[in-house]
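Chains W and G are the protein sequences, given in the same order. Quick note on our numbering: the first sequence kicks off at 45 and runs consecutively. Quick note on our numbering: the second sequence kicks off at 984 and runs consecutively.
Simulated from the structure, these hints should not be mistaken for laboratory data. Just to be clear, a hint being listed does not mean it is correct.
The following label-pair restraints were derived from C-beta to C-beta distances [stated by the list, open to error]: (1) G:Thr-1019 / W:Arg-137: 36 to 46 Å; (2) W:Gly-123 / G:Phe-1085: 42 to 52 Å; (3) G:Gly-1037 / W:Gln-132: 24 to 34 Å; (4) G:Lys-994 / W:Ala-68: 51 to 61 Å; (5) W:Gly-255 / G:Ala-1021: 16 to 26 Å; (6) G:Lys-1044 / W:Asp-188: 24 to 34 Å; (7) G:Phe-1085 / W:Val-113: 51 to 61 Å; (8) W:Arg-159 / G:Ala-1091: 29 to 39 Å; (9) G:Ile-1081 / W:Ser-142: 32 to 42 Å.
Far from chain W by the CB rule (all over 12 Å, computed), these chain G residues [what the hints assert, rightly or not]: (10) Thr-998; (11) Gly-1016; (12) Val-1043; (13) Pro-1057.
Here a beta-carbon is modelled for each residue, glycine too, at the ideal position from N, C-alpha and C.
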Amino acid sequence: MNSIQGCYVCLSAAGILIPIIVLAAVTALLFVAFYMDRGFKPLVGAQVTLTVVISSSLLSMECYMSAWVWGYLGLVLAGAAVITLLRQFNASRLENTSLGQFDALADLEDEFDVRIVVLDTQRVRALAYRGTVYLSVGLLEQLDDDQLRAVVAHEAYHLRTSPSRPLSALLALTSLTFLRYNDEHSADAYAAHVAGVDAIVGALDRLNIEGREDRAERLRQAL
Amino acid sequence: MVKLERINLQKEGLTKFFSPNEVRILELLWEKGDMTSAQISEDLENLSHAVVAGTLDRLVKSSFVERRLDEGGPRMRYIYSPVGGRDEVGLRISERVIDSLFETFGDATLSALGKVRKENEVR
Ligand SMILES: [Zn+2]
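All chains, please: the whole structure from these sequences, using the hints.
This is the structure in structure tokens:
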């Protein structure tokens, strides 16, 4: 209670109480929008405005709360360091399990204008990273041509449209929301548009992807 | 290589050294030779394909099983085969365990081996 009062006094003394309240309201609206459609745009927007709210509040609190400023900075810097390390770790692990590109996938590479690298694992893996779609042998084994095309379309959508993962992780941190975007439904919708609903639903099903019923349901509703 | 920390002498047979699923896959491959993951899954009905896939990756990593890429079919796939039979696996694990024992206990390990050998010759 005391610290909330302190906050209030500090912010009005600094003359930014009103803008902060307005921004906080915008943030709240964006969060509502995010919870309604789960897309990444309102989430990224809310995280940006929230970051502004938090950092400008902290910066204006010269009074006595400087410990909070340092705490926040420390958290963000430590988080950024962890994100960088994880990124490098993931990149080197991808490098190690890569079997390279294959002629059999060249047509798909041309169609979606991506590089397709095959991963040396029996587990089902599909991911998009730095202009490249990574697909595991375990995934390729199980899909027919249409389903594979749908999966590549889905990943190509991530490469083109989804915000970069490190950026999204950093925003999750600076806004103190610790929320990551989930762009799967839009990527599914694109895949359905390119290869047909049956192909993408079939692929999700065949690969036993977690949450596949929900994703299939949303695609059918959108028809 | 078998991880020494995973050895559990209280268990039965090969599960002293491998997980039950690893044993089932190894024995299947010893029996049938070359197999695809789909064939293995089919034979081990009550295991999900995801479990089979993870176990196969582990067996390949520890090089008790090897796989080659078959690009002949409509889609690339792995063909699995065992690296050596039961005897060879026994030899590899024994070496690994005896090495570790010798490292810790030195000559006592060798005396113990001599004793085990004698007892088994008598029988
Ligand atoms: Zn996705």
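Hints versus structure:
no.: 1; hint: G:Thr-1019 / W:Arg-137: 36 to 46 Å; result: violated (26 Å)
no.: 2; hint: W:Gly-123 / G:Phe-1085: 42 to 52 Å; result: holds (48 Å)
no.: 3; hint: G:Gly-1037 / W:Gln-132: 24 to 34 Å; result: holds (25 Å)
no.: 4; hint: G:Lys-994 / W:Ala-68: 51 to 61 Å; result: holds (60 Å)
no.: 5; hint: W:Gly-255 / G:Ala-1021: 16 to 26 Å; result: holds (24 Å)
no.: 6; hint: G:Lys-1044 / W:Asp-188: 24 to 34 Å; result: holds (29 Å)
no.: 7; hint: G:Phe-1085 / W:Val-113: 51 to 61 Å; result: holds (60 Å)
no.: 8; hint: W:Arg-159 / G:Ala-1091: 29 to 39 Å; result: violated (58 Å)
no.: 9; hint: G:Ile-1081 / W:Ser-142: 32 to 42 Å; result: holds (37 Å)
no.: 10; hint: Thr-998; result: holds (22 Å)
no.: 11; hint: Gly-1016; result: holds (18 Å)
no.: 12; hint: Val-1043; result: violated (8 Å)
no.: 13; hint: Pro-1057; result: violated (8 Å)
Violated hints, in rising order: 1, 8, 12 and 13; the structure is consistent with all others.
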